[in-house]
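Trainee: In case you want the letters, here they are:
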Amino acid sequence: MPIGGFIITCAPEDLTAALEGIAAFPAVEVHGTDEKGSIVVVMDTETSEAMDDIVKTISRLPAILSVGLAYLNTEDEIGDEA
Amino acid sequence: MGVSRRDFLKQVAAATAASYVGMSLATTPASTAHAAGQAQKWVRGTCRLCGTGCRVELGVKNGKAVALRGVPKSRTSMGYLCMKGMLFHKLIGNQPDRLTRPLYRAKKSEPFQEISWDRALDIAAKEFADAIKANGNDAVAYYGSGQALTEETYLFQKIMRGGLQTNNVEGNPRLCMASAVGGYVTSMGADEPIGGYANVEKASCFFIIGSNMSECHPVFFRRVMRRKLDNPDFVKVINADPRVSATSRIADSHMQFRPGTDLAMLNAMAQVILEEGLQDDEFINNYCTFRIGKESKQVDLSSYRKFLEAYTPEKAAAICGGNITAKSIRQAARWFAKSNGTLSCWTMGINQRRRGVWANNLIHNLHMITGQLCKEGADSLSLTGQPNACGGVREGGGLCHILPGHRLVAKEPLRNQMEDIWGFPRGRLPSKPGLHTMAMFKAVNEKKIKAIWVHCTNPAQTLPNVTPYREGMRSDDLFMVVTDIFPTRTTECANLILPGAFHFEKTGVYGCTERRSQLTPKAIDAPGEAMPEVWIAREWALRLAKLLNDPMIRQCVADFEGKEPDYALPKAIWDEYSQKATRGQDNDLRGATYELLKTMHDGVQWPAPTKEHAATGGTVMKFVKGFDPLADEHSENDLPYQFYGPAHPDKKLWVWLRPFQGAAEEPDADYPIYFSTGRIIDHWHTGTMTGRIPELIRGNPYSFVEINPKDAKAYGIRNRDMVEIESRRGKIVMPARIRSGPMEGMIFAYMHDMAEDRMVNKVCVDAFDPGSKQPEFKICACRIRRVSGPKRLSPVIVQL
Ligand code: SF4
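For the protein sequence lines, the chains are A and B, in the order given. For the first sequence, this note's numbering gives the first residue as 1, with consecutive numbering after it. For the second sequence, this note's numbering gives the first residue as 1, with consecutive numbering after it.
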């Protein structure tokens, strides 16, 4: 059950479209945005693989320039598998 | 607090991400936000953890620390804090396993007994006095810290050198900053950077090498990232490192070279600059000379050009491997040379090398030949790991070869100056530099050192190739005093543990990366019987004076006798240091009195000889007339820059001809993989503090090792498998994290774990730089094997 903190970047004029795209993923919470096109999100997924998939899918949305990981916690996941 | 652990982790994740882009979130960590509303008063000081020197305000309620917040007007941090900085206040005051009474045992196999301060100080004095009487002055030693207050380092070294007449005074900055000191002194004639953080907002090229500043100096990185994001095309970021880290995300070019080949790459950049005529001839003619060899023989520019022929980009790319190409070297050299202001930043990847001083020299070379110095946005800036490595240890006389105020022990006139200041007869101070860190602990092993005082650091975990040194520390042939706040791997080796006051439980100054001294006053009482270390040192000296029947030992503390330890005592020590010891030196701090520092949102950058200059924040750019009062005072000509540093008689910058030399231990058939270590954002050093903050230890409860996917495949290792890492010195086992961070053929392990089977320094090599004596923590050879699938692990925190 990893938790990740990400900075998603888009062009400032695409912010609304980007947020709409992100809203399709229930595992992704938006925590803040700024006028420069930065979106801070937290992902809470079942597995690292699921998180990777979401990151890849979001990265491919037309409005999104980049998805950068800033913080990742995978402790539970390690415990779960043991 | 009504917040689940997962909610907390989410807030941590969001706040960390937000800090990278300078975004303020409505939600701050629940515990902090909750407590913040309750503070009765806010006391301004400095973060206890890294060398960035962020300013904080501690919220106090009913004598307890309840919250922490940033100081928006601070020039070091502009209000931002990282997660560990935000949470360190949880350690202030009474923690369950805080050391609160003096503890003693005659033999290290015995349990500790609580004893009184009187008895503890008597024992400490008697053991040191006996060691000196039986084996001479150099049978005793002090090993301090870049986390001790300047007042503490200054007083301890004064007692050791002037009182006990030994220069066996060292500190853990030898393990992290010594090569930077060597680099600045040999290249620029004076220690510490010319500029500071203010250059970030003016720079148009960042050359970040051997530094994962995103995790190690997060708030400084935020400024660099903001500068890049605000000017994505105009500002170029080059990140040179064998490992792709969180820092690399903002890079236009990530130069991934084979560990230990940095010298070839840096020389090649210089070669391109001269080959393509990108050098600043006027700067070179006015300010630089070229030097080679141990004798610092002067040569000319054409010799330098000839020397660099061995480092064409093509030749260097062949040496460097990784993703380095002749094209990427040329591009980096052009960006570096042509930008309006280039700011280089580095940390341990450069300093913790067998040729760390040379690596520092070669970065400085690039700035000198391109004139990327002394102007806005341009600097060669070594980032400091610890909060007071610069202020206390480098400036306050905390290494075996330096006296306070950047004076060399070996120079008689400089010793005489300190003898006069301290009221000693000429000749009192020993002329021979003491033992550097690795030699000091070797001397412990050889039973030449009989008594050692370890203050605010953890050598039993941090020394490279730690196992044999730990054995020496555990021996009953050594009497060991440790001043600290929590049990550590080092208190396990002690005879006497003296409980010190923590940050904000005492008063004193920290000096951060950018030559800035900042005051942290006492805000709450230390728990139990814990005492400020300046009091401990003074009381110990008074007893030593009696036992050794030497009035000069008493002279060391004569001006401090009777002063209360919370404010008057550290103030008197700071006054002596700043008003007398730094007077006329390049780190002149006479203007930075406690009274003035208390009024500052941040602090004062030296030189600051007057209160008026100090009140402006001091010297933003050293050596520049009009900015640096000493540049005006020392001015010898009409040129705008005056390189008056004490180490260069010609008052010039020295461009060094330094050949490529690899790591001390390269991989071979038996140990085919490079082993490197470093930090993770949430933890600090050996985890003795951050490991006791529940939010931080839960987030990262143990170390793991990063393995490149290609290597993982070759060794049959999957994510989270347990992996054994073995070198010629020892082995450890930790979970694998498969990611393309480290380059192929290299692994990277996090260093904070104190579990016996995960202590990375059991594996590291203790080879060191012949100039700076700083060990090569960053590179050694190892082999790896999969031990098992994932295993449930528990965090380990040393208890008494
Ligand atoms: S960056 Fe360093 S000084 Fe600043 S808050 Fe974080 S740990 Fe403290």
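Keep in mind the hints are simulated off the structure, nothing from the lab. Incorrect hints may appear among the rest.
[Unchecked claim] Within a straight-line C-alpha distance of at most 20 Å, the following computed EDC-like cross-link-like pairs (lysine to aspartate or glutamate) qualify:
#1 A:K36 / B:E127
#2 B:K791 / A:D34
#3 B:K375 / B:E201
#4 B:K228 / A:E35
#5 A:K36 / B:D230
#6 B:K710 / A:D14
#7 B:K713 / A:E49
#8 B:K108 / B:E127
#9 B:K447 / B:E492
#10 A:K36 / B:E201
#11 B:K651 / B:E282
#12 B:K228 / A:D34
#13 B:K791 / B:E744
#14 B:K710 / A:E49
Computed from a predicted model, the values in this text were never measured in an experiment.
Trainee: Please go over all the hints and tell whether each is borne out by the structure.
Mentor: Verification of the supplied hints:
{"no.": "1", "hint": "A:K36 / B:E127", "result": "violated, 63 Å"}
{"no.": "2", "hint": "B:K791 / A:D34", "result": "violated, 41 Å"}
{"no.": "3", "hint": "B:K375 / B:E201", "result": "holds, 13 Å"}
{"no.": "4", "hint": "B:K228 / A:E35", "result": "holds, 16 Å"}
{"no.": "5", "hint": "A:K36 / B:D230", "result": "holds, 8 Å"}
{"no.": "6", "hint": "B:K710 / A:D14", "result": "violated, 37 Å"}
{"no.": "7", "hint": "B:K713 / A:E49", "result": "holds, 18 Å"}
{"no.": "8", "hint": "B:K108 / B:E127", "result": "holds, 15 Å"}
{"no.": "9", "hint": "B:K447 / B:E492", "result": "holds, 19 Å"}
{"no.": "10", "hint": "A:K36 / B:E201", "result": "holds, 17 Å"}
{"no.": "11", "hint": "B:K651 / B:E282", "result": "holds, 16 Å"}
{"no.": "12", "hint": "B:K228 / A:D34", "result": "holds, 16 Å"}
{"no.": "13", "hint": "B:K791 / B:E744", "result": "violated, 25 Å"}
{"no.": "14", "hint": "B:K710 / A:E49", "result": "holds, 18 Å"}
Hints 1, 2, 6, 13 from the earlier list are contradicted by this structure; the remaining hints agree with it.
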